[in-house]
Amino acid sequence: MATINWKKLRKAVFSKTVYRGTASIAVLLALWELGRWLRMPILGAAPAPSEVIFLLREIVFAPDFWENWSASFKRVLTGFVAAQIIGIPLGLAMAINRVARDTAFPVLEIMRPIPPLAWVPASIIFWPTTESSIAFVIFLGAFFTVVLNVLGGARDIDVRYLRAARSLGSRPQDIFFKIVLPATLPSIFTGMAVGMGITWEVVVAAEMIAGKSGLGYLTWSSYVGGNYPLIVIGMISIGIAGYVSSSLIRLTGKLAAPWQRLF
Amino acid sequence: MAAESQQYSSGGAISIRNVTKVYDPDGVNVLAVDNCSLDIAPGEFCVVVGPSGCGKTTLLNAIAGFHDISSGEIHLDGKLLCRAGLTPEPGADRIVVFQNGALFPWYTVLQNVTYGPEVQGRTKNEAKGAAMSLLSEFGLADIADHYPGELSSGMRRRVEIARALINDPRVLLLDEPFRAMDALTKGVVHEFLLQAYDRVKKTVFFITHDLEEALFLGTKVVIMTTRPAKVKTVINVDFPRPRSFRLRSSQRYLELKEMVFDAVHEEAAKAFAAGERELA
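Residue numbers (numbering that gives the first Met the number 0), protein chains in the order written: chain A, 0 to 262; chain B, 0 to 279.
Derived from the structure by calculation, the hints contain no laboratory data. Where hints are given, some of them may not hold.
Quick list of the computed label-pair ranges, beta carbon to beta carbon [stated by the list, open to error]:
| id | chain 1 | residue 1 | chain 2 | residue 2 | range |
| --- | --- | --- | --- | --- | --- |
| 1 | A | R260 | B | S36 | 46 to 56 Å |
| 2 | A | P120 | B | G52 | 53 to 63 Å |
| 3 | A | T251 | B | R245 | 31 to 41 Å |
| 4 | B | G52 | A | D155 | 20 to 30 Å |
| 5 | B | N28 | A | P88 | 33 to 43 Å |
| 6 | A | L254 | B | S151 | 22 to 32 Å |
| 7 | B | G77 | A | K253 | 46 to 56 Å |
| 8 | B | D67 | A | D157 | 34 to 44 Å |
| 9 | A | V193 | B | G77 | 49 to 59 Å |
Listing some non-contacts, in silico: residues in chain A with all C-beta distances to chain B over 10 Å [unchecked claim]:
| id | residue |
| --- | --- |
| 10 | V17 |
| 11 | L37 |
| 12 | A99 |
| 13 | Y160 |
| 14 | L167 |
| 15 | S169 |
| 16 | R170 |
| 17 | R249 |
| 18 | G252 |
| 19 | W258 |
None of these values were measured; they are calculated from a predicted model. Where is the CB? At the ideal position from N, CA and C, for every residue including glycine.
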């Protein structure tokens with residue numbers, strides 16, 4: 000299972016899909032570069048890829064660039080983990096307990112449409128430190144997605160499985176730990192992957208306003224300082240960081256729910 | 000004690016007395032089962048045949064303890080299972096094999112089979128030992144570590160029957176378990192079920208709308224009327240066991256088939272006409 004199938008890998012790497020993807024990125028970069036030199040509207044205002052790469056060659060050796068990465072990762076991780084610790088049990092409780100569902104659902108549904116950005120001022124006021132208010136805004140970004148995915152997944156369990164389990168003599172705790180929990184696991188990981196994406200969207204908003212470090216802060220302060228190529232580097236960094244974190248979650252999900260690959 | 004082969008208990012007399020079930024969705028009463036009475040002897044293979052949607056499954060679900068009944072009583076070996084106003088409890092003495100299969104996809108074949116014994120308080124090792132010997136008895140040991148998603152539908156059904164039998168239930172309740180299977184697969188699974196039945200001699204309550212299946216498997220074939228379901232005819236199918244697929248070409252089988260076809264056709268025609276009326 001864990002061994003690498005080289006033939007399959009080679010086939011995947013040298014496939015038409017990869018060629019097309021590479022070509023489209025190359026064309027985009029070329030147009031962008033060209034637009035800059037031809038002073039085309041909109042495109043011409045952005046720093047060209049060559050400028051970005053030129054700056055990138057210096058910046059990868061600068062320690063404070065990587066400190067921004069680790070600062071953002073720490074915040075995302077804090078808010079994200081907190082969202083899981085509170086969100087997963089809450090979602091499960093709402094799924095199996097009608098009182099919990101009836102009580103919590105309206106509150107959640109009122110809070111959910113409020114964009115995390117709108118929480119920034121309030122959270123600066125409420126929380127004692129800047130770090131905790133940033134983590135809180137990130138937490139909110141992931142929290143609702145996690146709760147709703149867990150709730151939906153657990154409520155969607157086919158009644159056949161519950162009946163079969165009861166027919167086999169299950170006690171309530173067996174139903175929970177051996178049926179509801181594993182049946183919900185794929186939805187839990189979907190919620191995590193989507194939630195992780197949102198936390199990276201939110202980290203920028205949070206850091207722009209309240210931060211002194213981080214990738215979002217880097218992007219915003221580059222704008223304020225007029226270093227345009229650095230804006231692009233900040234943006235791409237956030238994109239890559241989000242992609243890497245979501246991929247890690249998907250991978251963990253695949254390992255935790257091996258039966259899922261069969262469907 | 001010899002651990003190689005599981006010992007099976009006897010018992011499993013089902014008595015269904017004047018059972019009526021009224022569904023009440025959206026305030027409109029639907030009579031699903033109407034004053035239905037039926038006795039099934041311990042170890043009898045009882046097949047219930049009726050048109051689709053006639054209320055057979057309602058009856059099975061009541062025996063299984065998945066829902067209550069509106070009036071009447073159901074007993075298992077003299078113990079009251081179901082009565083109006085009583086919230087029924089499912090139990091490992093009556094295990095259900097479902098229409099679309101209900102193996103837990105997140106467990107391997109072995110984990111599915113050990114599930115029952117484990118939740119009923121046997122240790123993991125005991126359960127595993129019993130499961131492995133049952134699986135090899137049924138020729139399923141090779142697939143013990145596979146997930147249900149990796150198996151064919153016929154294989155899944157066999158595992159599900161093993162998962163039920165390991166609990167030594169008094170009754171096996173099968174709700175159209177082989178529906179939507181192709182004829183060849185069905186033939187193989189039928190033989191498997193008959194072999195298992197000959198070995199354990201459990202009471203079987205088997206629902207189907209496939210007449211050939213009913214005659215081939217059953218000792219007692221109960222033909223239900225169209226909804227509301229009640230017993231129309233009971234036919235004793237006295238073919239000796241063990242039965243083989245050759246039975247299907249014998250003279251006696253063909254005679255019985257004709258008889259049953261007539262009875263069921265009448266009900267199917269009624270059900271069809273009722274459907275027409277509902278649509279009109």
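### Task
Could you see if the CB distance from N28(B) to P88(A) stays within 33 to 43 Å?
Roughly 41 Å apart at Cβ, these two residues keep to the hinted range, so it holds.
### Task
Report holds if the minimum CB distance from L167(A) to chain B is greater than 10 Å, and violated otherwise.
violated, 4 Å
### Task
Grab the minimum beta-carbon distance between R249(A) and chain B and tell me whether it stays above 10 Å.
Answer for R249(A): holds, closest chain B Cβ roughly 18 Å.
### Message
Does R170(A) clear chain B by more than 10 Å, comparing its Cβ with all Cβ atoms of that chain?
### Response
violated, 6 Å
### Query
P120(A) and G52(B), beta-carbon distance inside 53 to 63 Å?
holds, 60 Å
### Assertion that Y160(A) lies farther than 10 Å from chain B (Cβ)
violated, 6 Å
### Message
Is 22 to 32 Å respected by the C-beta to C-beta distance linking L254(A) and S151(B)?
### Response
Holds, at about 26 Å.
### Task
Please settle this one: V17(A) was flagged as non-interface, so is its CB more than 10 Å from every CB on chain B?
Given a closest Cβ separation of 29 Å, the condition holds.
### Message
A range of 49 to 59 Å was offered for this pair. Does it hold for the Cβ distance of V193(A) and G77(B)?
### Response
Holds: the Cβ-Cβ distance is about 55 Å, inside 49 to 59 Å.
### Minimum Cβ distance from S169(A) to chain B greater than 10 Å, as the annotation requires
violated, 5 Å
### Message
Does A99(A) clear chain B by more than 10 Å, comparing its Cβ with all Cβ atoms of that chain?
### Response
Given that every Cβ of chain B is farther than 10 Å from that of A99(A), nearest at about 22 Å, it holds.
### Message
46 to 56 Å was suggested as the range; check whether the CB atoms of G77(B) and K253(A) agree with it.
### Response
Between G77(B) and K253(A), where Cβ atoms are some 52 Å apart, the hint holds.
Checked against the numbered hints above, the structure breaks hints 3, 8, 13, 14, 15, 16 and 19 and satisfies the rest.
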